[in-house]
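Protein chains: 2
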Amino acid sequence: MARIVQKFGGTSVGDIDRIKNVARRVKAEVDRGNEVAVVVSAMSGVTNQLVDYCTQVSPMHDAREYDAVVSTGEQVTSGLLSIALQELGVEARSWAGWQIPFLTDGAHSKARILEIKGGEIDDRLKKGQVAVVAGFQGIGPDNRITTLGRGGSDTTAVALAAALNADRCDIYTDVDGVYTTDPRIVPSAKKLDKITYEEMLEMASLGAKVLQTRSVEMAMKHKVRVQVLSSFSEAPGTLVCDEDEIVEKELVSGIAYSRDEAKVTLLGVEDQPGIAAGIFGPLAEANINVDMIVQNASEDGTTDVTFTTGRADLEKALKVVKDNMKVPYRTINTDKGVVKVSVIGVGMRSHAGVAQTMFKALADKNINIHIISTSEIKVSVLISEDYTELALRSLHTAYGLDAA
Amino acid sequence: MARIVQKFGGTSVGDIDRIKNVARRVKAEVDRGNEVAVVVSAMSGVTNQLVDYCTQVSPMHDAREYDAVVSTGEQVTSGLLSIALQELGVEARSWAGWQIPFLTDGAHSKARILEIKGGEIDDRLKKGQVAVVAGFQGIGPDNRITTLGRGGSDTTAVALAAALNADRCDIYTDVDGVYTTDPRIVPSAKKLDKITYEEMLEMASLGAKVLQTRSVEMAMKHKVRVQVLSSFSEAPGTLVCDEDEIVEKELVSGIAYSRDEAKVTLLGVEDQPGIAAGIFGPLAEANINVDMIVQNASEDGTTDVTFTTGRADLEKALKVVKDNMKVPYRTINTDKGVVKVSVIGVGMRSHAGVAQTMFKALADKNINIHIISTSEIKVSVLISEDYTELALRSLHTAYGLDAA
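Those protein sequences? They're chains A and L, same order as listed.
Read in order, the letters of the first sequence correspond to residues 1 to 404 in the working numbering.
Read in order, the letters of the second sequence correspond to residues 1 to 404 in the working numbering.
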């Protein structure tokens, strides 16, 4: 017997038939003799509708009232799924965040979890009752409903799995697992059986939108084994787990990409100590996220500094740089037509030559690299967006990831 | 300075523009220097949608889960109205039933109010904050959400007004008050300035669907002054109040009618002691509401018994009577084509001849009376449905109620 937390996203509970389908999935787990807690999102479209209502009433709405409004979507789904389970003869009850209680801080609309008082749910799971928990929500120190931010139901599920000492947290979604790269671009992409938390974090933050970054961080911290799988198929998914659980580590597990990149280059910056701090200090103060940074060697007493930021932040970043009189430069260039491609794998910690394989594969296709950055388990390059598909396919082959 | 509870129904908060309109009505009350608590229903259509979801999942759904699902409609409106009030510069916050808390018994989906812990709301009203309370809901002894049954928001408002010692409870609806009779049938019907609780109860239960019967009973019990008025006009409404507050009592305040009537006649019932108990006992046991009852004088050792019930209950009532072998009868007739017309007025307590005016007015129009029943403040007759409009117009004139 195992204890499983299952999480079903908005698409999986998008209408009444799908809710009934989810009930059958839950029952199957119960029939295998397992204890089951389920976390649900709002039916697809509902949260957007509620957010839109708040914005229509006032674009600058009170986050506490926003939370009271948008948290209802999950409350509805939890009640309906409980009814659907009862209809199948499975004992079940719904839990709103405040009933558990699921204690958070008071940062309304982006609250952080403090503690989950899972005692009563624990007791009921042992007696065979299924707990159906409304995701994405908790209760703050002011006794008012809080929400965890968009996609927060993944975090609810992982946190609940940690609090209940669950053996596994199954995240049901509309894809059937984590792939070596985007299968829409590289048809030979393979589904991974297992991936480490560290790799998944890199994949998630780089645009493989399968799991919320925050939920992966939480899973890593509490060693919660997370399985990503499809609610529309019976195929096994991908297990996100500790490195120890993966016997045969691949050199490279996957290749991620992100189109949400913009490049800024300052040409002819006076080359003197403190210029990096002078440029990036004001950007940090303006809450602009800077990702890759390159400073070229200088020859004539000036240097060129290039950095990347999210496309939505580009205009704001430009204004900050231009308003900043402390670092003189000759001219400034920007480029939105870039993409970041990353090869990821915990295996590269103990192997040399991983980056070289990447550079050679790209060079063979005449793809110019603008910027390179590396971490312990990742090598990222910025290239022209036009080459996205070609680069992904070439790298996928170069690292031997193509399906047989 | 007065303390006012305002209640806005589903049509009044039917879309975002209407919610903003309600916020202006609330602000006007605040600007008059009053303390204001507001009770809101779900946006029109929302509750029906949620009920429909529950029924689609399972026609025999768990009432506790039903309550968790359908109570969200009011939660959404309370949050949105709070945002709208803040947008107008009015300090406001939403309250779900469980936050107040609004304690009820455990009869899910038709809970009764036990106690309202209004202390915190009371404090905040004194400081000038508007409380926006989600109607129709409370919290049961099991720490789960309960609902008060359809139309329960009127009851929420009156109970809250009693708990907060409010000077008045204003029920905003889509009609602008209580009329002497249905203005769609009798164009000369007048809006009443005041009506007693007792009269309003008779009007409400007889089909003048302005206020929930239960909320009027509660208002009468706690002496809450209730004003019925339109959220779409500025005209003063009708005040439902104690008899003492009405100086000039009308003989007849209004004329109500109900089409939801069906007549059952048992002919040739053996005339012996206990036949009434023999007939109506089984009907009561089957939970069938019987309204008017007439037993004719017998001549040949048999008698005829006639009674009325709601149209929806007719088939069930017939089955009960036919299955009941203890009271023999010759034959049974039914008639769904009947209507009950009632003249209502606390003034008739001290005046004779009120019923006679009714009988004469109907006789003058050749309208045949099937059954008569009377109470202290009401005379009701059952007539053919075909004569509904003629009877209402004739009686309205006969009692001098026509607008000048």
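Please note: incorrect hints may appear among the correct ones.
[Stated by the list, open to error] Lysine-lysine pairs mimicking DSSO-like chemistry, simulated, CA-CA at most 30 Å apart: (1) L:110 with A:127; (2) L:365 with L:326; (3) L:127 with A:110.
[Unchecked claim] Footprint (simulated), chain A over chain L, 3 or more residues, beta carbon under 8 Å: (4) 44-55; (5) 80-94; (6) 178-185.
The set of hints was computed from the structure by calculation and includes no laboratory data.
In this text, all values refer to a predicted model and were calculated from it rather than measured experimentally.
Idealized CB from N, CA, C, for every residue including glycine.
Each hint, compared with the structure:
Taken as a hint, the residue 110 of chain L and residue 127 of chain A pair is honoured in the structure, with Cα atoms around 29 Å apart against an allowance of 30 Å. Distance restraint check for residue 365 of chain L and residue 326 of chain L: the Cα-Cα separation of roughly 41 Å exceeds the 30 Å cut-off, and the hinted pair is therefore not satisfied. Taking the CA atoms of residue 127 of chain L and residue 110 of chain A, the gap is about 29 Å. The hint holds against a cut of 30 Å. Chain A is given as covering the region 44-55 of chain L, and this holds because 3 residues of the stretch bring a CB closer than 8 Å to a CB of that chain, at least three being needed.
Residue count for the region 80-94 of chain L with a Cβ under 8 Å from a Cβ of chain A: 8. That meets the three needed, and the coverage hint holds. Requiring three or more residues with a Cβ within less than 8 Å of a Cβ of chain A, the coverage given for the region 178-185 of chain L is violated, as only 0 such residues are present.
The structure does not agree with the numbered hints 2 and 6 stated previously, though it agrees with the rest.
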